[in-house]
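Residue numbers (the working numbering), protein chains in the order written: chain L, 1 to 393; chain B, 394 to 871.
It is worth saying that the hints were derived from the structure and are not from the lab.
One thing to keep in mind: the hints can contain errors.
Stated by the list, open to error - Once the Cα atoms are required to be at most 30 Å apart in a straight line, the calculated DSS-like pairs of lysine-lysine come out as:
| id | chain 1 | residue 1 | chain 2 | residue 2 |
| --- | --- | --- | --- | --- |
| 1 | B | LYS607 | L | LYS5 |
| 2 | B | LYS401 | L | LYS5 |
| 3 | B | LYS473 | L | LYS3 |
| 4 | B | LYS448 | L | LYS3 |
| 5 | B | LYS604 | L | LYS2 |
These numbers were taken from a predicted model, which means no experiment stands behind them.
Below are the chains, spelled out letter by letter.
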Amino acid sequence: MKKIKYLLLILLLTGCQNYRELTDIAITTAISVDYNTNTNEYILLTQVVNSVKQQDATSSNEPTFINFTSTSTSLSEGLSKIVLESPRKLYTTQTQIIILSKEVIENKLNEVLDYFIRNPEIRGETLILLAPDKEDLKGITIQTLLDNLSSSNIVSSLKESEKEGYTTLITLNNLTDMYLNPYKEIILPTLHIEGNINVADEEINKTSTNYKGTVKIGPLAIFKNTTYLTVLSLDESKYLNIIRNTLNKSIITMPYNEGYITFELYNIKAKYKPDIKNNTITLTIKGNAKTYETITNTNIENKEKVRDIQKYFNKYIKENVLDTFNNIRTNYNTDIFNFRDIYHKCNPKYLNQNYHNWYKEKYPKLELKINSNIKLYEKGKIKEEIIYVKENR
Amino acid sequence: MNNKIIKKIKEETNNSSYIIYREKYIKKKRIDIIYHEALTSQDKLSDFIYRSLDKIEKIYNEKDFLYDTIKNNIANIKIKKIKNYQDIITYLNNGFVILLIEDDYSLALEVKQNLSRSIDKPTTEMTVRGPMDSFTENIETNIGLIKRRIKSNKLWNKDLFLGKYTKTKISILHIDGISSSEIENKIIEKLNKIKIDKVIDSGTLKHLIQKEYKSIFPTIISTERPDKVSDALLNGKTVIIIDNSPFALIMPISFNDFFISEDDKDSKFMNNTLTRILRYTAFLITVITPGAYIAITTFNREMLPLELLINFASQRSTVPFPAFFEALLMLLSFDILRESDLRIPNIGGSAISIVGALILGEAAVNAGIVSPIMIIIEAITAISALLFTEPELINAIKWYRLLFMIGGTTFGMFGVYIVFIYFLTNLSSINSFNKPYLMPYVPLSIQGLKNSIIKFPLVKRTKRDKYYSKNITRIINK
């Protein structure tokens with residue numbers, strides 16, 4: 001019984017520090033950060049859940065979330081300034097996405113990463129997106145239907161796009177790693193707004209069958225150091241993901257025999273074998289594929305033919321991967337494939353010697369050899385190809 | 394001489410109208426028949442005692458001792474020789490009839506009236522399968538119920554009488570060869586030192602032999618099931634049966650014993666293991682849930698998925714009270730409801746359930762006093778506590794629940810962990826009659842583990858727990 005006195009003393013001496021009731025917090029799900037280079041100020045936009053609304057979501061016209069804005073020279077001050085407008089203090093631990101503008105990354109990435117990584121109320125797993133245009137930062141103000149919160153909408157869409165190979169998930173931890181690691185370059189998934197943003201944040205966006213304005217997940221944006229270069233095309237994003245070994249599943253359409261064949265790729269794995277002496281990297285792509293559509297006049301019952309298609313497909317992948325690599329290298333001269341990192345892991349001494357002339361000498365001369373070994377293992381529900389059957393009967 | 398004794402009894406009992414005195418002469422020898430009307434059976438008295446005395450009058454030879462003749466010819470089994478005045482009082486108060494023979498030894502003959510109820514179904518410890526008899530208030534019946542199950546000479550008992558006024562009979566049982574009489578001797582030694590005026594029930598005795606202030610967890614199990622008692626005896630435990638109480642006391646016990654039901658014997662080991670895991674989980678739920686809920690919603694909100702957090706926040710948006718107060722309010726009202734349910738007669742039961750379900754549940758939510766999620770938390774907490782039949786354990790759970798709530802309110806999940814560590818250290822420091830309470834987990838006992846949170850098939854459990862029994866072989870041939 002004596003011990004219980006000490007126990008109660010320990011507990012009561014904590015002074016209930018950090019105690020906050022659920023009714024006192026504004027649950028923040030998304031933050032977008034912009035930077036005005038003229039005034040040197042951050043422009044913050046936050047999405048806060050309207051927790052009162054959720055209880056009777058169908059009956060009232062209240063929105064499911066509210067957006068608060070503030071401007072300040074420092075991020076922490078900017079976020080704390082939101083209480084001037086909001087009746088509750090921001091609770092940012094559940095933040096799902098942080099959207100950064102081009103200006104932030106080019107000018108203030110150091111400060112932004114420092115604040116978010118240092119802040120215990122922001123998770124390292126928070127997803128980071130790039131808004132290529134200033135308008136796109138307003139993606140978190142749009143009313144959406146399937147997910148009540150537009151941030152959840154963006155996260156779900158982003159995760160599904162990642163599964164299909166269109167983009168890559170970059171968390172706060174990943175971004176910090178890419179920023180701090182001298183052997184890596186930054187890539188970020190993008191989002192952009194389609195339609196009319198001026199009505200998209202109103203209830204009307206949810207009452208019509210077509211969104212008046214909507215957010216779309218875009219392909220990957222590439223950087224050199226912190227300089228923004230471009231946004232790749234969707235196909236380039238896919239092949240970039242194959243090279244970076246971040247693609248597991250995707251759909252690729254290949255022109256074939258005056259028609260086309262669509263393949264679904266599964267379990268794609270890429271392996272590197274660097275040959276530092278000859279400045280060569282051998283990339284072996286392995287995996288499985290099955291045909292989705294075969295709109296071509298070919299007898300796919302014939303095993304020889306199928307073997308032919310497989311061979312042709314592997315060649316097609318090899319060419320496209322190589323094209324993507326060459327295109328990015330010649331146009332932008334940025335090593336977003338992390339080849340420098342591979343060299344460093346393989347032979348740190350060699351890379352440190354050549355670190356400064358990497359982009360001048362080593363990288364432009366680097367040879368990428370590709371072995372594609374994707375196996376075709378399924379032809380779909382029916383045995384024969386429809387066009388072939390119709391024309392040969 | 395007889396007159397002197399009668400006068401003394403009358404003086405001591407304030408001339409009680411229930412004590413009947415009757416004189417009878419056998420061949421001019423005076424016999425005083427004394428008995429307590431309320432305790433004795435009139436039928437037995439007239440059928441056996443009076444008729445026998447009439448018969449004895451005819452065969453009595455005046456040269457013989459009357460005491461011997463009565464002793465040899467009376468139609469009654471239980472005959473006691475009276476040695477002193479104290480004996481007369483003892484037997485008189487125990488339903489004997491006293492035959493005071495002039496100038497000779499006196500006799501006490503048992504003509505006890507059956508004042509106890511018949512053997513009923515157990516009401517506090519129900520089972521689906523298993524025996525349906527339970528102890529009564531009569532110590533002889535209770536011993537009989539045990540003896541019916543253990544037909545062995547090795548079931549030894551030691552009796553003593555306790556209470557200056559009540560003179561309650563207490564039987565301490567153990568099976569010789571399976572357990573030692575060590576605990577029995579200790580208890581007797583302890584009880585002999587105590588001078589107490591009354592022992593009415595098993596509860597009083599329980600507090601006399603255990604250290605009541607040491608821990609809030611019970612170190613003795615009280616049961617009304619003879620099969621549970623027999624099983625405990627055969628596992629090397631000691632049992633106390635007390636007169637006028639339908640509850641026997643089993644000791645020493647371990648914490649694990651509260652999670653074992655008599656129904657378990659009927660179910661297969663695989664199914665039973667699942668049930669045991671369920672019981673342990675229910676225990677943790679009933680102790681920790683309110684505290685963990687408060688900790689998670691007021692400190693560690695990052696532990697919740699976003700959608701759940703939004704749901705919690707929206708449900709709590711109309712409640713003006715802190716989460717701790719809200720939880721306390723619900724726990725208090727449920728405990729009041731439960732306590733009142735125990736006290737009121739069966740007729741009022743439905744009224745209570747209406748009040749409980751409608752007013753405390755639905756109306757309180759609509760009025761914005763508590764949130765629906767708190768009702769769910771409270772409901773799961775309360776239902777989980779109903780798995781345990783020992784009322785003392787439920788009371789201990791209540792205290793710890795409150796402590797966990799304080800931990801959660803002041804320090805979040807860290808507070809809950811701190812209280813949990815305190816809970817574990819407290820639990821492991823308890824001894825039940827010098828046997829570790831957290832057996833078979835701490836100290837580890839392989840034999841005990843086979844019948845704990847996991848259960849092994851019966852044929853695999855060939856040995857008794859070495860901590861309870863010196864003779865550990867249970868099954869010799871598989």
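A quick look at each hint next to the structure:
1. The suggested pairing of B:LYS607 with L:LYS5 holds, with an alpha-carbon distance near 15 Å, which does not exceed 30 Å.
2. At roughly 58 Å between alpha-carbon atoms, B:LYS401 and L:LYS5 are farther apart than 30 Å, so this suggested pair is violated.
3. Between B:LYS473 and L:LYS3 the alpha-carbon distance is near 56 Å, which puts this suggested pair outside the 30 Å criterion.
4. Between B:LYS448 and L:LYS3 the CA atoms are separated by roughly 75 Å; this puts the pair beyond 30 Å, and the hint is violated.
5. Among the hinted pairs, B:LYS604 with L:LYS2 is consistent with the structure: their alpha-carbon atoms are about 16 Å apart, no more than 30 Å.
In terms of the numbered hints stated before, the structure departs from hints 2, 3 and 4, listed from lowest to highest.
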